[in-house]
Amino acid sequence: MFAIMKRLLSVLVVASAFVLSTPVQADEAQSRAPGPQYSLPKDATSCVRDTSFMRRNHMNLLLHKRDQTMHNGIRTKKESLQGCINCHVTKDEAGKAIKISDPKHFCAACHQYAAVKLDCFECHRSTPETPKDTASIPNIPAHANLLASNANNSGEAKALGTFLKGVAQ
Amino acid sequence: MNNTSLKDAYIDKTRRDFLKKAGAGVTTLALASGVTLMAYPAPAQARNPDEAADPSKRWGLLIDVNKCTEDCSACVTACSQENGWKLDGNPSVDAQWIRKLKIKNPHGGHEQTFPVMCQHCAKPPCVDVCPTGASFKRTDGIVLVDKHICIGCRYCMMACPYKARSFVHEPLTDQKAHAPRGKGTVESCTLCVHRVDRGDQPACVEKCASDGHGALMFGDLNDPNSDISKRLASYPTKQIRADLGLDTGVRYQNL
Amino acid sequence: MAKHVTYSQIGTGAGFYGLLALLGAFIAAGAASFLYVEHHGHVVTGMTNQIVWGLPHVFAIFLIVAASGALNVASIGSVFNKAAYKPLSRISGVLAMALLAGGLAVLLLDLGRPDRMIIAITTFNFKSIFAWNIFLYSGFMVIVGVYLFVQMSSGLEKFKKPFGVLAFVWRLALTTGTGSIFGWLVARQGYDAAIMAPLFIAMSLSFGMACFILVVKYTGKATDRPLGTAMTWRMGRLMGVMAATVLYFTAIRHLGNLYAAEHAGVEQFILFGGNVFTTLFWVGQVLLGGLVPLALVFAPNNSEGSSRVTLAALLVILGGFAQLYVIIVGGQAYPLVLFPGMEVSSSFQDGTIASYMPSLPELALGLGGVGVAILITVFAMMAFKLLPKNLSDAALDPHLAAKAK
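Which chain is which? The protein sequence lines are A, B and C, in order. Reminder that position 107 of the first sequence reads as 107 in this note's numbering, one-by-one numbering, no gaps. Reminder that position 248 of the second sequence reads as 417 in this note's numbering, one-by-one numbering, no gaps. Reminder that position 17 of the third sequence reads as 441 in this note's numbering, one-by-one numbering, no gaps.
Be aware that one or more of the hints could be misleading.
Distance condition first, Cα-Cα at most 25 Å in a straight line; then the derived SDA-like pairs of lysine to any residue [to be verified]: (1) C:Lys506 - C:Ala438; (2) B:Lys292 - C:Asp616; (3) A:Lys117 - B:Lys273; (4) A:Lys78 - A:Ala15; (5) C:Lys585 - C:Asp616; (6) A:Lys117 - B:Pro340; (7) A:Lys117 - A:Ser80; (8) B:Lys226 - A:Arg66; (9) B:Lys292 - A:Ile74; (10) A:Lys65 - B:Asp343; (11) B:Lys226 - A:Lys99; (12) B:Lys271 - C:Gln773; (13) B:Lys407 - C:Ser771; (14) A:Lys78 - B:Ala221; (15) A:Lys99 - B:Ser395; (16) B:Lys273 - C:Ala685.
Covered stretches of chain A, as calculated for chain B (at least 3 residues, CB under 8 Å) [as the list claims (entries may be wrong)]: (17) 9-16; (18) 72-84.
No lab work stands behind these hints: they were computed from the structure. Predicted model, so just to flag it, every value in this text is computed and none were measured. No residue lacks a Cβ here, since even glycine has one placed at the ideal position from N, Cα and C.
Whenever a hint applies, use it, and build me the whole structure from the sequences.
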């Protein structure tokens with residue numbers, strides 16, 4: 001009877017020592033296992049939620065916001081996926097934004113470490129959109145500016161440009 | 170020649186030139202204002218981004234077929250540039266959100282061309298058949314594919330009476346930020362929902378207007394005072410395949 | 425007058441492992457094709473924006489429709505109380521589940537986003553017949569599973585009839601749902617017909633019986649318990665009646681379409697267009713899949729064996745594939761009619777007949793599904809006591825042997 005209890009107790013002690021020795025929080029300072037190498041945005045003040053929330057719940061937040069945007073058309077700028085990507089961009093030595101396939105991408109850093117497959121970037125771009133990428137359909141306000149400001153244009157053209165600028169605003 | 174007559178002739182000439190240029194300027198301004206009024210009916214359509222889509226609105230298009238020419242496909246180009254799809258040389262599998270259709274009457278040979286895209290039906294068959302509900306109609310009438318839950322079964326493509334939907338057959342990269350699209354999901358014209366939500370018009374409408382044709386008109390079908398509703402009230406218009414009873418949001422004039 | 429039937433498993437000799445290896449090869453090819461298509465996208469298949477469902481769907485729908493019909497033997501035994509069919513109800517149930525599993529495997533692996541399987545089985549739009557089919561298919565597996573359990577357990581005999589009836593009604597609903605996938609599409613001229621539902625029911629009974637006859641006859645031959653000739657003929661003639669019913673519904677559907685000027689275009693294309701669909705319809709479906717099997721099973725027979733029934737069953741299956749190809753691919757090849765009476769053209773193949781060339785990955789996936797179905801059946805026969813030890817006419821139904829042929 002006592003032998004069994006002693007054995008149980010020793011098992012319990014060993015097990016708890018094992019469990020307690022692993023860090024509950026993935027805090028780099030205390031962890032002995034190598035953690036994900038991610039870089040934070042340089043000039044950002046804070047994320048839309050605090051770090052501990054984001055670490056645990058960013059997926060739920062993304063899912064919730066995406067359904068709101070998709071089905072209800074709610075497009076709060078601060079909480080858009082584009083907002084996340086624009087802020088959490090990492091650049092290589094040449095200054096070009098790093099894509100999701102590279103482990104230095106903010107999302108890839110942790111996701112490759114944790115081996116959790118990302119579905120988002122099958123459809124969404126993983127880098128901020130540069131003006132070059134943006135739609136280039138004739139931008140009427142831009143053309144209006146050209147008309148109004150170009151010194152070679154005749155007076156009527158300039159007048160038209162000024163008129164268009166005024167209407168476009 | 171005495172100086173007075175030369176001077177008078179010069180003054181007359183400058184007066185004539187001035188009158189001509191002023192007349193041209195006024196006419197240009199008058200015409201230009203007509204064009205721009207078409208392109209920018211009312212800036213105050215922008216919705217607060219934190220608010221949901223307005224169910225009292227029903228967005229629609231009116232296409233005047235007479236203003237459409239066979240050699241122009243500006244709307245197609247604008248859509249492809251805005252949303253990031255393009256014809257890559259493989260027409261059977263390339264996505265086409267909008268296309269120019271040409272119909273010819275076999276009796277007599279009369280032809281017409283006009284763009285066809287998702288008709289944003291009030292009773293969309295694609296929404297009925299989607300097993301996961303990825304194909305859905307927003308409260309303001311825009312029919313969309315929720316590509317997060319689309320499983321790529323292509324049943325909506327079978328069901329669409331207008332062949333509006335495309336399947337993405339290849340892996341994609343560098344998508345437009347406002348138009349995510351990916352391999353294995355189905356897509357179609359979104360009525361440029363990202364533009365509409367910030368108060369702009371669909372890319373095709375804006376391009377056609379800025380090119381001076383003005384064949385496409387966008388607006389709120391539920392608002393009797395909108396330009397599109399007034400036009401629908403004044404002129405005969407029709408829906409493609411009206412007999413199916415789908416109540417499309419895209420209407421055609423002079424078809 | 426319940427007779428005692430002894431069931432036994434099939435043995436695992438060289439033939440068994442050889443068959444497993446062959447099926448494994450087909451399944452491996454199917455798996456490889458799935459990985460290839462999933463990685464590169466559907467551009468590597470022959471399916472396009474015009475023909476969105478192709479050869480894999482022909483295979484999948486054949487297997488699913490045959491699955492529903494394969495259960496018919498069990499239904500005849502339990503629901504309609506025909507004594508001769510009762511000993512065959514276990515293998516009938518297993519074959520039904522195996523065929524359905526094979527068909528669903530092909531269908532699900534051809535999805536554009538097969539990684540979203542969980543979404544497919546948890547998020548439903550109940551206005552979609554597709555969503556209802558997901559319930560009908562999974563429900564079928566459960567009900568037939570319970571039905572088999574009830575049959576194979578001692579002491580649960582009283583549940584055989586209620587579950588048999590439930591399974592019978594369920595599979596009618598399932599096949600109606602499968603036919604309605606096409607029948608409820610108003611957009612396309614080749615579909616949009618309520619008759620698709622009963623047509624598919626007749627098809628299921630015909631194809632299912634054909635598959636059943638082949639499986640039981642050849643398993644019996646291979647495991648030294650040959651299926652009685654009279655019973656083979658009896659099932660063959662039942663298959664013949666079903667094949668005739670398929671011809672009838674097909675005729676009604678096409679005659680109705682031909683009468684209306686509105687549908688003349690698609691009928692002209694399929695029936696008289698001189699294209700692959702015309703050949704598949706007249707030669708594949710009507711002649712080889714319908715008239716020849718009818719002649720084989722109903723013409724006076726002087727031979728001793730039942731090889732004519734086997735040939736008829738093979739031809740019914742061939743005709744079934746031809747029929748589904750014409751329905752699924754032919755219905756999409758004919759263009760949507762947006763402007764009746766006008767000549768239409770565009771950059772998106774409006775107004776033109778779409779062309780389709782099945783690709784190797786599609787064929788491999790389809791055959792892989794067939795492999796899965798047969799593998800499950802063979803494995804189940806090895807693991808469980810599904811087939812009666814004695815499949816002769818005398819053992820199945822003493823009255824049969826007396827009537828003989």
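Results for each hint:
no. : hint                : in the structure
1   : C:Lys506 - C:Ala438 : 36 Å, violated
2   : B:Lys292 - C:Asp616 : 17 Å, holds
3   : A:Lys117 - B:Lys273 : 51 Å, violated
4   : A:Lys78 - A:Ala15   : 45 Å, violated
5   : C:Lys585 - C:Asp616 : 37 Å, violated
6   : A:Lys117 - B:Pro340 : 16 Å, holds
7   : A:Lys117 - A:Ser80  : 21 Å, holds
8   : B:Lys226 - A:Arg66  : 22 Å, holds
9   : B:Lys292 - A:Ile74  : 24 Å, holds
10  : A:Lys65 - B:Asp343  : 22 Å, holds
11  : B:Lys226 - A:Lys99  : 39 Å, violated
12  : B:Lys271 - C:Gln773 : 11 Å, holds
13  : B:Lys407 - C:Ser771 : 23 Å, holds
14  : A:Lys78 - B:Ala221  : 16 Å, holds
15  : A:Lys99 - B:Ser395  : 44 Å, violated
16  : B:Lys273 - C:Ala685 : 20 Å, holds
17  : 9-16                : violated (count 0)
18  : 72-84               : holds (count 7)
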